[in-house]
Every structure is written in structure tokens, then in C-alpha cells.
Amino acid sequence: AQSVAQPEDQVNVAEGNPLTVKCTYSVSGNPYLFWYVQYPNRGLQFLLKYITGDNLVKGSYGFEAEFNKSQTSFHLKKPSALVSDSALYFCAVRDRRGSGNTPLVFGKGTRLSVIA
Amino acid sequence: SAVISQKPSRDICQRGTSLTIQCQVDSQVTMMFWYRQQPGQSLTLIATANQGSEATYESGFVIDKFPISRPNLTFSTLTVSNMSPEDSSIYLCSVGTSGTSSYNEQFFGPGTRLTVL
Numbered sequence: 001a002q003s004v005a006q007p008e009d010q011v012n013v014a015e016g017n018p019l020t021v022k023c024t025y026s027v028s029g030n031p032y033l034f035w036y037v038q039y040p041n042r043g044l045q046f047l048l049k050y051i052t053g054d055n056l057v058k059g060s061y062g063f064e065a066e067f068n069k070s071q072t073s074f075h076l077k078k079p080s081a082l083v084s085d086s087a088l089y090f091c092a093v094r095d096r097r098g099s100g101n102t103p104l105v106f107g108k109g110t111r112l113s114v115i116a
Numbered sequence: 001s002a003v004i005s006q007k008p009s010r011d012i013c014q015r016g017t018s019l020t021i022q023c024q025v026d027s028q029v030t031m032m033f034w035y036r037q038q039p040g041q042s043l044t045l046i047a048t049a050n051q052g053s054e055a056t057y058e059s060g061f062v063i064d065k066f067p068i069s070r071p072n073l074t075f076s077t078l079t080v081s082n083m084s085p086e087d088s089s090i091y092l093c094s095v096g097t098s099g100t101s102s103y104n105e106q107f108f109g110p111g112t113r114l115t116v117l
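In order, the protein sequences belong to chains E and V.
Following my numbering, the residues of the first sequence are numbered contiguously, the last one being 116.
Following my numbering, the residues of the second sequence are numbered contiguously, the last one being 117.
Worth flagging that the hints you see were computed from the coordinates, not collected in a lab.
Keep in mind the model is a prediction, meaning the values are calculated, not measured.
Pairs of lysine-lysine, BS3-like flavour, derived with a Cα cap of 30 Å:
{"hint": "1", "chain 1": "E", "residue 1": "K69", "chain 2": "E", "residue 2": "K108"}
{"hint": "2", "chain 1": "E", "residue 1": "K58", "chain 2": "E", "residue 2": "K77"}
{"hint": "3", "chain 1": "V", "residue 1": "K7", "chain 2": "E", "residue 2": "K49"}
{"hint": "4", "chain 1": "V", "residue 1": "K65", "chain 2": "E", "residue 2": "K108"}
{"hint": "5", "chain 1": "E", "residue 1": "K58", "chain 2": "E", "residue 2": "K108"}
{"hint": "6", "chain 1": "E", "residue 1": "K108", "chain 2": "E", "residue 2": "K77"}
{"hint": "7", "chain 1": "E", "residue 1": "K49", "chain 2": "E", "residue 2": "K69"}
{"hint": "8", "chain 1": "E", "residue 1": "K22", "chain 2": "E", "residue 2": "K58"}
{"hint": "9", "chain 1": "V", "residue 1": "K7", "chain 2": "E", "residue 2": "K108"}
Some, not all, of what chain E presents toward chain V, calculated at C-beta under 8 Å:
{"hint": "10", "residue": "F34"}
{"hint": "11", "residue": "R42"}
{"hint": "12", "residue": "G43"}
{"hint": "13", "residue": "L44"}
{"hint": "14", "residue": "F46"}
{"hint": "15", "residue": "K49"}
{"hint": "16", "residue": "F90"}
{"hint": "17", "residue": "N101"}
{"hint": "18", "residue": "P103"}
{"hint": "19", "residue": "L104"}
{"hint": "20", "residue": "F106"}
{"hint": "21", "residue": "G107"}
{"hint": "22", "residue": "K108"}
{"hint": "23", "residue": "G109"}
For glycine and all other residues, C-beta sits at the position ideal for the given N, C-alpha and C.
With the hints as extra help, turn the sequences into a complete structure.
Given below as C-alpha cells:
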């Protein structure tokens, strides 16, 4: 069975400071990992994904995420937070043995608040 | 990528009634997924809809309560039947890409915000 844990319900950070949103995963095989963002009254928007290769993945809006196989983690990061980054962030996983038609498994979400 | 629209965007309904949510995609897709996002919660998969076959429901969800149609490769509907206040949620339509690669992301519609009184 696949699962994703986002240990923090809420992350607060001052504007201009670096931010980290944590995610750990559990899959039987090797994972594909994804981050999505949900702004108020909007659907989920894809940010980035880890497929293979470089453990540091760069995505939209200046976000990046680091895949760590030994720690089974895929933390989302940004060097300098903006107030406009305030949103709900979801980590998701899919076992590589699945297909593009296998639904992603999502974490519970972490609400990021960036304070001016 | 795929562009997905949902109708209605929001609705307020009375207990005991039913609401049908429509999902339209701008390209042909094999699988469509319906999720529920209860207030302050994560996404819970309701069912997977493959064109031309019965939808596959996740544990805790049944066809009588959440009937799904998938008449073609670009459209699906989810009906929330005999609603109660516990059904108040955001309902999200999602699609995979037409390819079968498991590294492909899913795309989401804007969601339908349902409030049941």
C-alpha cells in the first residue's frame, strides 16, 4: 500500500525567509513523487515531480524539492518566501509499477502562511 | 496538459436532494478520477471512471450514493444522491494523461463547492 505523511498541518514563515514543507512517503517499490498547490477556491495546481536522476527537482514559482531515498522524504523548499505563496500544499505518490491511469495518493496537506 | 472545467462551481442544496456535477476535459483521456475534499481535509478518492465501463469505487463509497457516468472520452458526471450535511465538500474531477507512463501527473478541475443544509 502507498501512503504519504505530511507531519505539519500548518507552517508559518516570514516573507523573505526560506520555507520547507515536509513530506515522507511509503511505497512497496520505487516512487514517483509530486507536489501540488491549492489556492483558495481553486483546484490543485501541479508544482513539480521527481522521476529519476538528480535528487533536487526544480518546479514552478521558484519551488524545489529534494528527494531523499534513505529517509523516504520529498520536502518542498523555496529559498525566499512570498506572501503570495500562502496556500495549501499537497504531496502525492505513485508506485512506479502503476501507470498514468493509477490515481495518485495524497497527503493530508500543509497550510503555508507567509507573513509580511 | 489538460484543461478541465466543472459545473456548477458551487451550490447550496437541501437535505434529501441530489446534485449532478459535470466535468469536461479539452482532450481525450482514458481515466477520470473523482475526489472529495472535506473541509480542512485531504483529497479522498471516490471512484475511477473509465470510458465504456462501470466506475470503480473506493472503499466507503457506493454507486447508489455516488453514481457516475462516463459517456465519452472527454466528459463525466458525478451525482451526489440523497444528500445530507455530511456531504458538504469540494468535489474535484481529475484526469491522467493519455499515455500510460506512471510518472505523469494528474490534472485537476477547479472543483465544485457543495453545501448541504
